[in-house]
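My request is simple: use the sequences and hints to build the entire structure.
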Amino acid sequence: MNQTEPVVIRHADLDDFYRVQKFLAEYWDDGNHIFVRSSEYFKYFQIVDGCFNVYLGEGKISKKIYGICAYVICNRLQETDVQLNLLRVIKNNNFFDSLQLLDYMKKDLNCRIFSACGVRPKVKVIYDFQGYYTGKLDHYYRLADKEEYKIAVVKKKNIPQIEGGKYSLRSLPSFEDFKARFNTSRYRHHKPYKDDWCIEHRYYKSMARTYQVYGIDKGKDVYDSIIVLREVCHNNAKICKIVDFIGLDEDIGELSSEFQRLIDENDYEYIDFYCTGISHSIMEKAGFILRTSDDENIIPQLFEPFVQANKDIYFFTNDINGFHMYRGDSDQDRANIIK
Amino acid sequence: MVNRSEIMNKVAQIFRDVFDDKELVVNDNTCANDIDDWDSIEHINLVLAIEKEFSIKFDMNEIARLKSVGEIVRAIELKLQ
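So the sequence lines, in the order shown, correspond to chains S and D.
Going by my numbering, the first residue of the first sequence is number -7, and it counts up by one from there.
Going by my numbering, the first residue of the second sequence is number -19, and it counts up by one from there.
FYI, nobody ran anything at the bench for these hints, they're computed from the structure.
Predicted model only: the values in this text are computed from it and were never measured.
Where hints are given, some of them may not hold.
[Unchecked claim] Okay, derived cross-link-like pairs now, EDC-like style, lysine to aspartate or glutamate, Cα gap no bigger than 16 angstroms in a straight line:
1. K47(D) <-> D8(D)
2. K114(S) <-> D19(D)
3. K303(S) <-> D130(S)
4. K114(S) <-> E22(D)
5. K47(D) <-> E(-3)(S)
6. K230(S) <-> E139(S)
7. K116(S) <-> D19(D)
8. K277(S) <-> E140(S)
9. K37(D) <-> D120(S)
10. K171(S) <-> D187(S)
11. K83(S) <-> E22(D)
12. K83(S) <-> E57(D)
13. K114(S) <-> D17(D)
14. K114(S) <-> D0(D)
15. K83(S) <-> D16(D)
16. K158(S) <-> D241(S)
17. K83(S) <-> D14(D)
18. K37(D) <-> E57(D)
19. K83(S) <-> E18(S)
20. K83(S) <-> D17(D)
21. K32(D) <-> D120(S)
22. K171(S) <-> E192(S)
[Unchecked claim] A short list of chain D residues far from chain S (calculated; beta carbon distances all over 10 angstroms):
23. V(-18)
24. R(-16)
25. N(-11)
26. A12
27. E33
28. S35
29. G50
30. R54
31. L58
[What the hints assert, rightly or not] Sample of chain S residues facing chain D (criterion: CB under 7 angstroms; computed from the structure):
32. V81
33. K83
34. L91
35. F121
36. Y125
37. T126
Cβ atoms here follow ideal geometry from the backbone N, Cα and C, with glycine treated the same way.
Next up, the structure:
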């Protein structure tokens, strides 16, 4: 803390990889971050086309790293959409702070959508201060009708009797299937826009997770919408998380029977969905209940390690108009254990 | 016109509120080295509380220069002139 020196902010190079990893080891979660424990996973997340997607602030003289901010991209357009997934600035005498790092990043990246999913409540003030929109993802859930729950805590078995829905889900097991049936570029105006590369990288080539990508079948050859799910097993029980969605919001409202079929066929305790941008009426039509702050039920979010508690997920964005965000964004569905 | 002493008293109370420490005593020389929890996030919380209390605004460059209580008080004085 004694040294005072100018701090230089810059985009990290590949040569900085192990220095940044060492910084995380020293200053994040007692060195227990998965990016410290697995270099391969860190590379999977942060290196795209040979570019190490991290900004850092380092002392001009000492070269000591005082702060880092990592990001993921949603598409490979020149003016891309960026989601932050790590931000840490250590206390320093130079009054180099997160504001300067974020401000530099935003200008340097020249991105269209600048956002993050999983903002810590304490840090939210930074984004508020910079004039970004901050909020909390809505957490919807649909319970199975069971005698006993081993993952959720159900004090009030609130299960809406909603059946029907015109559409069905069709599995897209390979990326080739996905490309043949869904055109991501049709949604280039979406905020953020996730292109083929993003879907393949996040869900078909995930290093640590198994995802199921489904098309929403309306009887046409090409799907208007896709939905991404991840099954989680714990304590001899299973649940299903909706982690992503691209398409026409109203299509979700026509899947009530399909969600019930998934619950019944797979013996899920519940399906849940963290989201912003999808209207409450659509989610109600799909048979989901919004978890409110006074909800007595517990619908766990954390499984590595398992924490039987409700958890809110906060986000920020530079443009809330038409903005959609889900659990699969930033690093909110990142593994904490590589099996 | 608020005088320096009044500004100092209000700033000291803001520090006690932000750091949730009723016993906290600050002077012109107090800086981040002297308060463990004074990191970049709490710095913003301090600035937000000061902006609200005095109905003033700081830009990002000004915020970065507020390295001690004395500098904060001086910056407030200048804004209120």
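Against the structure, the hints:
1. About 10 angstroms separates the Cα atoms of K47(D) and D8(D), which keeps this hinted pair within 16 angstroms; it holds.
2. For a cut-off of 16 angstroms, the pair hint linking K114(S) to D19(D) stands: about 12 angstroms separates their Cα positions.
3. With a C-alpha separation of about 11 angstroms, the suggested pair K303(S) and D130(S) falls inside the 16 angstroms cut-off, and the hint holds.
4. Between K114(S) and E22(D) the alpha-carbon distance is near 9 angstroms, which keeps this suggested pair within the 16 angstroms criterion.
5. Under the criterion of a C-alpha separation no larger than 16 angstroms, the hint pairing K47(D) with E(-3)(S) is consistent with the structure, at around 14 angstroms.
6. The straight-line distance between the Cα atoms of K230(S) and E139(S) is roughly 15 angstroms, inside the 16 angstroms bound, and the hint therefore holds.
7. Distance check on the hinted pair: K116(S) and D19(D) sit about 14 angstroms apart at the alpha-carbon level, within 16 angstroms; holds.
8. At roughly 26 angstroms between alpha-carbon atoms, K277(S) and E140(S) are farther apart than 16 angstroms, so this suggested pair is violated.
9. Straight-line distance between C-alpha atoms of K37(D) and D120(S) comes to about 14 angstroms, which keeps the hinted pair within the 16 angstroms bound.
10. With a C-alpha separation of about 11 angstroms, the suggested pairing of K171(S) with D187(S) holds against the 16 angstroms cut-off.
11. For a cut-off of 16 angstroms, the pair hint linking K83(S) to E22(D) stands: about 11 angstroms separates their Cα positions.
12. Taking the CA atoms of K83(S) and E57(D), the gap is near 27 angstroms; set against the 16 angstroms cutoff, the hint is violated.
13. At most 16 angstroms may separate the alpha-carbon atoms for a hinted pair to count; K114(S) and D17(D) meet this at roughly 13 angstroms.
14. For the given pair, K114(S) sits about 15 angstroms from D0(D) by alpha-carbon distance, which is consistent with the 16 angstroms threshold.
15. Between K83(S) and D16(D), the direct Cα distance comes to roughly 9 angstroms. Compliance with the 16 angstroms bound is thereby established for this hinted pair.
16. For a cut-off of 16 angstroms, the pair hint linking K158(S) to D241(S) stands: about 14 angstroms separates their Cα positions.
17. Note on K83(S) and D14(D): the hinted pairing holds, with a Cα-Cα distance of about 12 angstroms set against a maximum of 16 angstroms.
18. Under the criterion of a C-alpha separation no larger than 16 angstroms, the hint pairing K37(D) with E57(D) is consistent with the structure, at around 12 angstroms.
19. As the CA atoms of K83(S) and E18(S) are separated by approximately 13 angstroms, the hinted pair is consistent with the 16 angstroms bound.
20. Our distance criterion of 16 angstroms between C-alpha atoms is met by K83(S) and D17(D), whose separation comes to about 9 angstroms.
21. Between K32(D) and D120(S), the direct Cα distance comes to roughly 14 angstroms. Compliance with the 16 angstroms bound is thereby established for this hinted pair.
22. Under the criterion of a C-alpha separation no larger than 16 angstroms, the hint pairing K171(S) with E192(S) is consistent with the structure, at around 10 angstroms.
23. Non-interface call for V(-18)(D) relative to chain S: holds, since the shortest CB-CB distance, roughly 24 angstroms, exceeds 10 angstroms.
24. Taking the minimum C-beta to C-beta distance to chain S, about 23 angstroms, the non-interface status of R(-16)(D) holds against the 10 angstroms cut.
25. A cut-off of 10 angstroms between C-beta atoms confirms that N(-11)(D) is not in contact with chain S; the least separation is 24 angstroms.
26. Residue placement check: A12(D) does not keep its beta carbon more than 10 angstroms from all beta carbons of chain S (closest about 6 angstroms).
27. Distance check for E33(D) against chain S: the nearest CB is about 16 angstroms away, which clears 10 angstroms, and the non-interface claim stands.
28. With a closest Cβ-Cβ approach of about 17 angstroms to chain S, S35(D) is found to remain outside the 10 angstroms limit, as its non-interface label requires.
29. A cut-off of 10 angstroms between C-beta atoms confirms that G50(D) is not in contact with chain S; the least separation is 14 angstroms.
30. The claim that R54(D) lies off the interface holds: its Cβ sits roughly 15 angstroms from the closest Cβ of chain S, which is beyond the 10 angstroms cut-off.
31. Distance check for L58(D) against chain S: the nearest CB is about 18 angstroms away, which clears 10 angstroms, and the non-interface claim stands.
32. Hint on V81(S) holds. Least Cβ distance to chain D is approximately 5 angstroms, under the 7 angstroms limit.
33. Here the hint on K83(S) is kept, as its CB sits about 5 angstroms from the closest CB of chain D, short of 7 angstroms.
34. Hint status for L91(S): holds, given a least beta-carbon distance of 6 angstroms to chain D, under 7 angstroms.
35. The restraint placing F121(S) at the interface with chain D holds, with a minimum CB-CB distance near 5 angstroms, inside the 7 angstroms limit.
36. The criterion of a C-beta within 7 angstroms of any C-beta in chain D is not met by Y125(S), whose closest approach is roughly 17 angstroms, and the hint is violated.
37. Hint status for T126(S) relative to chain D: violated, with the closest Cβ pair at about 13 angstroms, above 7 angstroms.
Of the numbered hints stated above, those contradicted by the structure are hints 8, 12, 26, 36, 37, listed in ascending order.
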